[in-house]
Amino acid sequence: MRYLGIDYGDKRIGTAISDEEGKFAFPKLVISRPRRALPLAGGTLSVVIEKLNTLIQENKIKTIVVGLPQNFKGEDTQQTKKVRVFAEKLTKELGVEIVFENEILTSKQVDKNGGATKEMQDAAAAALILQGYLDRKNKDFCVTM
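Numbering (my numbering), first residue to last: 1 to 145.
Since the hints were made in silico from the structure, they are not lab data. Hints are all accurate, no fakes.
Per label pair, the in silico range of CB-to-CB distance:
1. Gln-57 - Glu-88: 14 to 24 angstroms
2. Leu-94 - Glu-20: 19 to 29 angstroms
3. Leu-29 - Lys-62: 17 to 27 angstroms
4. Glu-21 - Lys-82: 26 to 36 angstroms
5. Lys-23 - Asn-102: 16 to 26 angstroms
6. Lys-139 - Ser-46: 30 to 40 angstroms
7. Gln-57 - Asp-19: 10 to 20 angstroms
8. Asn-59 - Thr-91: 13 to 23 angstroms
9. Glu-75 - Glu-21: 27 to 37 angstroms
10. Glu-20 - Asn-53: 11 to 21 angstroms
11. Lys-92 - Arg-33: 13 to 23 angstroms
12. Glu-50 - Lys-11: 17 to 27 angstroms
13. Lys-11 - Asn-71: 20 to 30 angstroms
Calculated pairs, DSBU-like style, for lysine-lysine (alpha carbon to alpha carbon, straight line, at most 35 angstroms):
14. Lys-51 - Lys-137
15. Lys-62 - Lys-82
16. Lys-82 - Lys-28
For every residue, glycine included, the Cβ atom is placed at its ideal position computed from N, Cα and C.
All chains should be modelled from the sequences, with the hints used to inform the complete structure.
Structural data, given as structure tokens:
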């Protein structure tokens, strides 16, 4: 079974996909969020959901792992609320299981490697988020939220 990892941002959404065994995560693509609603597409979020749905169908994804931004105390932030709303919409629109993975410091880890465009950094962050989940899942102590 393959998994889809998501690094949600206000401007871009990074994605990553696991191998078929669900052991390794690979950066996939970055979806830019249009600033204005497209009249025929029903708004910016529907464009994103449509692209994610294509990824899900093409790769037979059953579970989406969404990075959850929290502060160092494990408390929700304003961005956390946006991510939770986004995840609820994904569940409603796509009907797939959503799990959250703490994404603290993933962007910093990606920044240290340097050389990548911001777009590729978002996909790399999604891969780190997904890999963290897969590592825990394969050790049989994953927590689903």
